[in-house]
Amino acid sequence: MPYFGSEETVKDLKRALSNPNVQADRLRYRNYITRVIRSMTQGLDVSSLFMEMVKASATVDIVQKKLVYLYMVTYAGHKPDLALLAINTLRKDCADPNPMVRGLALRNMCNLRMPGITEYIQQPILSGLRDKASYVRRVAVLGCAKMHSLQPNTEIDPSVVNELYALLRDPDPVVMVNCLRALEEILRDEGGVVINKPIAHHLLNRLKDLDSWAQSEVLRLLLRYCPRSDDELFDILSLLDGFLSSAHAPVMAATLRLFLHLAAAHPAVQADALSRARGPLLAVCGSASRELRFAGLSHVQQVLRSQPAQYCSHYKRFFCSYSEPGYIRLRKMEILVELVNDENVVLILEELKSYCTDVSTDLAQAAIAAIGRIGRTYTEKCLDILTGLLALKQEHITSAVVQTFRDLVWFCPQSTGPVCKAVEGCDETPQDDEGKQALLWLLGAHGELISSAPYLLEGFIDGLKVEISSAVKMELLTSTLKLFLSRPAETQDMLGRLLHYCIEDEADMNVRDRAGLYYRLLQSGPDRTRQILLGPNSDPSMTVLTGRPEEPVSVWASSFNTLGSLCGTGAGPENLPAEDSAHQVHAAEEAELGFGPAEQNLNTEPEEPLSDAAAAELDLTAGPPISHEAFERLWLDLQVVHQQVLEVRRPPEPPETLQAAFLLVKIQTLAFSRADAALWKAYVYSRAGGTLLLAELLQGAPEEPESEGMLLVSIKQQPENQSAVRNFISVLKRVLQTLSSNTS
Amino acid sequence: MISQVFILSSKGDHLIYKDYRGEADKDAVSIFYEMVTALSGDQPPVVMSHKDLNFIHVRQGGLYWVASTKTDASPFTIIEFLNRLAALTKDYCGSLCEKSVRMNFALIYELLDEMVDYGYIQTTSTDILKNFIQTEAVTSKPFSLFDLSNVGLFGAETQQSKVAPSAAATRPIMSHRSEQGGKNEIFVDVVERISVVIGSNGVLMKADVEGEIRVKCYLPTCSEMRIGLNEEFSIGKSQLRGYGMAVRVDECSFHQAVKLDEFDTYRILKVCPSQGEQTLMQYQLSDELPCAPPFRLFPTVEKDYGNRLLIFLKLRCDLPPKSTALNVSVTVPVPKSSLSLSQELSSPDQTADLQLKNKAILWSIPRFPGGAQLSALFKVEVPGLSSASLLEVGPVSMSFELPKHTCTGLQIRFLRLSPTHPGLSQRWVRYVTHSDSYTIRI
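If you read the protein sequences in the order shown, they are chains A and B.
Heads up, the first sequence is in full-length UniProt numbering, so the first residue is 1 and it goes up one at a time.
Heads up, the second sequence is in full-length UniProt numbering, so the first residue is 1 and it goes up one at a time.
FYI, nobody ran anything at the bench for these hints, they're computed from the structure.
Don't be surprised by glycine CBs; every beta carbon is placed ideally from N, CA and C.
If a hint is listed, it holds; no wrong ones were tucked in.
Listed next, with one range per pair, are the computed distances between beta-carbon atoms:
| hint | chain 1 | residue 1 | chain 2 | residue 2 | range |
| --- | --- | --- | --- | --- | --- |
| 1 | B | Asp27 | A | Asn341 | 45 to 55 angstroms |
| 2 | B | Ser125 | A | Ala264 | 34 to 44 angstroms |
| 3 | B | Thr300 | A | Pro325 | 26 to 36 angstroms |
| 4 | B | Ser30 | A | Glu424 | 50 to 60 angstroms |
| 5 | B | Asp287 | A | Pro227 | 32 to 42 angstroms |
| 6 | A | Leu663 | B | Asp27 | 51 to 61 angstroms |
| 7 | A | Leu239 | B | Gln355 | 54 to 64 angstroms |
| 8 | B | Glu224 | A | Pro227 | 32 to 42 angstroms |
| 9 | A | Ala507 | B | Ser30 | 33 to 43 angstroms |
Generate coordinates for the entire structure from the input sequences, incorporating the hints supplied.
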């Protein structure tokens, strides 16, 4: 930020620096130079002083030299011609008897980033590599890398590379590590420094002599080495064993990453390493530095993805402290949710409950959502807490609780009764859009259980004119229509008013369209409306998808100890807020029910014969398995491309047989509902003709009363390929028919 | 590797800016400041990225210490490096604040130049760095308000039972070249942070202690130092020794310079301390405190007639009578709609007020002797008070300092410098326990 009167300042400094009286007085001279640097840091352009500063570099005062060098390095790019004047002094300093002066001059000479400098620095660097003082060698080694970066397109000088490889045996540990760093940069295009067996073993043996920074760097480079045999592998691991419990977090994390990488084929060794690193990792989570604490927590989260049981007994270490900033507390809550088991559930819930009244609304809402997550397993306990929170009558709490209720009802249908009772007893309505939508969804989906539902909806309809959010209005339309289907007498009048308002007076096109759609739907008769609008109100089979199975370590090991693990975005579905996912499920389901482009395909039978060649190309292939998370993500993201009723009933086989039969024709199974479920579902997938096909088989869908007992298949695909879909369906049908005919 | 390192004041002034690799331009500083001030609090602000540049920052001494990098570096390494940079700055400049960084910027540039070359960390050890650092530190006035707040933080106790001035440990380590300092002093601090959760029924639900032994050394040359810990000190759950009061910790780690050959038998740590501050040993104890938690609270919350809420708190300090807790503050969350407060406290040096921003009562007690019991009655005016509002009261959180007290019972038996240092060297041993988090549910 340039200051007012900055030109004046620069002029003053210039005058002072060229004043011979000032130059004669060492302290005053240095003082003015300090002022130049200060102005430079503050953002003032002092490049016009370059000439004076170059003069000031010829001094015996090391402090002054350092300051002038700092200046020159900053502005050399702007004034390359003037910077050349300084080269002479620098080269002279490179031959100074004092190694500190030599190193300083060499380092700064290499830092001058300007064209044409390489011809001047090459010679000093080469002699620096053979200097007696390790300080100068350290600088010279990195100088090679700097020189390379100044002329990136030139040929790599093999003699320099060889010299650097030879210097890996230098007695000074920092020189050795700098050699690795320099080689890594110079040989980047060829894949970096080569870690072969002798080098790897050399590095491993010297690891003890290095300081912790160098250790973690070397450990990172060793990731590139793969041992030839198991014996060698275990030798290396036992050598590294001690570093796993290092007090330095960087070393511990780097060692753990190397362990996980090297022992990728030995899950037992990986598990052992993880459990041995547990203590140090927990210590990092309690470190005095908040930032380190946060990094530790993020890494614990990664470990939990594979070994949730490891930290269960340490759940108290993740209780929040009131002095911690929000971002740490949010991470801790996420971890607490993962750690819940039968023994600690009561204490964890009690702890989370005490966060619900936090001053920060974000934290309070996150705590409520966390209780909701636990509620998917321990429904009763959590419902009590959530219902109790409604009594506080605070907007943000009520809103979060209602959103949590919606998700709970969706995932655990057994909670519907108590939730409806609680909603009925709650006289505070949420005021924010998310909360309103959640409440409306509950009223629409379970209106028959909430006696006050029509009155609550009427309140919303009366306030329609002042409602801004179109999402709320859409939700209001859907739930009023749903309530009308279950309680027509009480709702008819208000539905009429609502549709009238939305079609005549509403400005938002989406809302108007939706109202028009519903209006036309109602014209086609209540049965038709019911069939299209009412989907399942809960989806127990989705818990199979959301209950996270233990992932293999390899899924996250590559991002362990990297910055990505701290950013935490896009790392997987667990970061998707629960309410969002439920909402998307809801949306996807709506699309499935015929508002999507697939509507035309309903009940059609596109059974066209395929030519043999094309059929061969479209043959189903197995391919690598898809994880539950990946499937769920895809399923939520994609639109239904095809939907049809298969003229087949569900084979009464046990699921294992069904799965085996599917596997024979290269259809992989992800999840089944229980055999006795009223609404039977199965999720399967396969690949064909370069596309991935995801399919849901559904039996007993209420909207298909005429096809009672027949299987409804919905297919999503990426990328789209209609002929592959046809082929897939015919295969699927054939399997199911075969199975049914076998048993009948 | 690190592209740039910069230090910003909380207002966004550029205090230090050093570009190591010339990969990113100086605009990055303002971009970073815009990003960090735009954060809404719940996003993780430690790592942020802008295009392909990643910013990692820590906050210490009210300043932003930032490193930027283009590679996917180890977060632990960079955070530790920034912490170390802050610690070195503190060592060299005496204290860590905007003023001391402004005054000593030439020295910090010198440090940065020696610590990192081309984005690679070279060395951060004080012993090596001190040979290269030529600039002398400029100290601000030794007495500032900041120091005043530290008075009584450490009650020093030594063989001569003298008390070191609190500013003694906040001076630059390199002052031996100038006339002002020059004392050969060494401070050994045992610092513990305690975090406790006590349930509404008075049961101790969680008790963790994180402790460390820190050495701050002003001796110009290092000689070997032997620190004797309690002989009955044990690590892990299985090793219980004898019947006496065993001092036990769950886990323990040492600085790599500590020699442990006499640790197993005599519990002696041997180390050649380098100048400046170092943490020799870190330990944790969870769930089992050897003594009762320092404070117990007996709360009564009831609805008075009208819209008044009565909170009666009885607070007992369970420390031994010799010890005293300092700067005790008790925070009691109250219903969101609370308007005003009237209080009855048991002595005039205590204060209590209602903080409308946090919706909490802050009751502060400057001195709280062990074994004593204090009580306070708060009457809070809450319009529209309902029985559900009572749920909003609590949990109570406390913060305090316990000088001359360690919760684990860890003590330093002796501190010997061998060979005996010529000239006067003063050794100070100080103990303090801080509350990391002390929560009592109502």
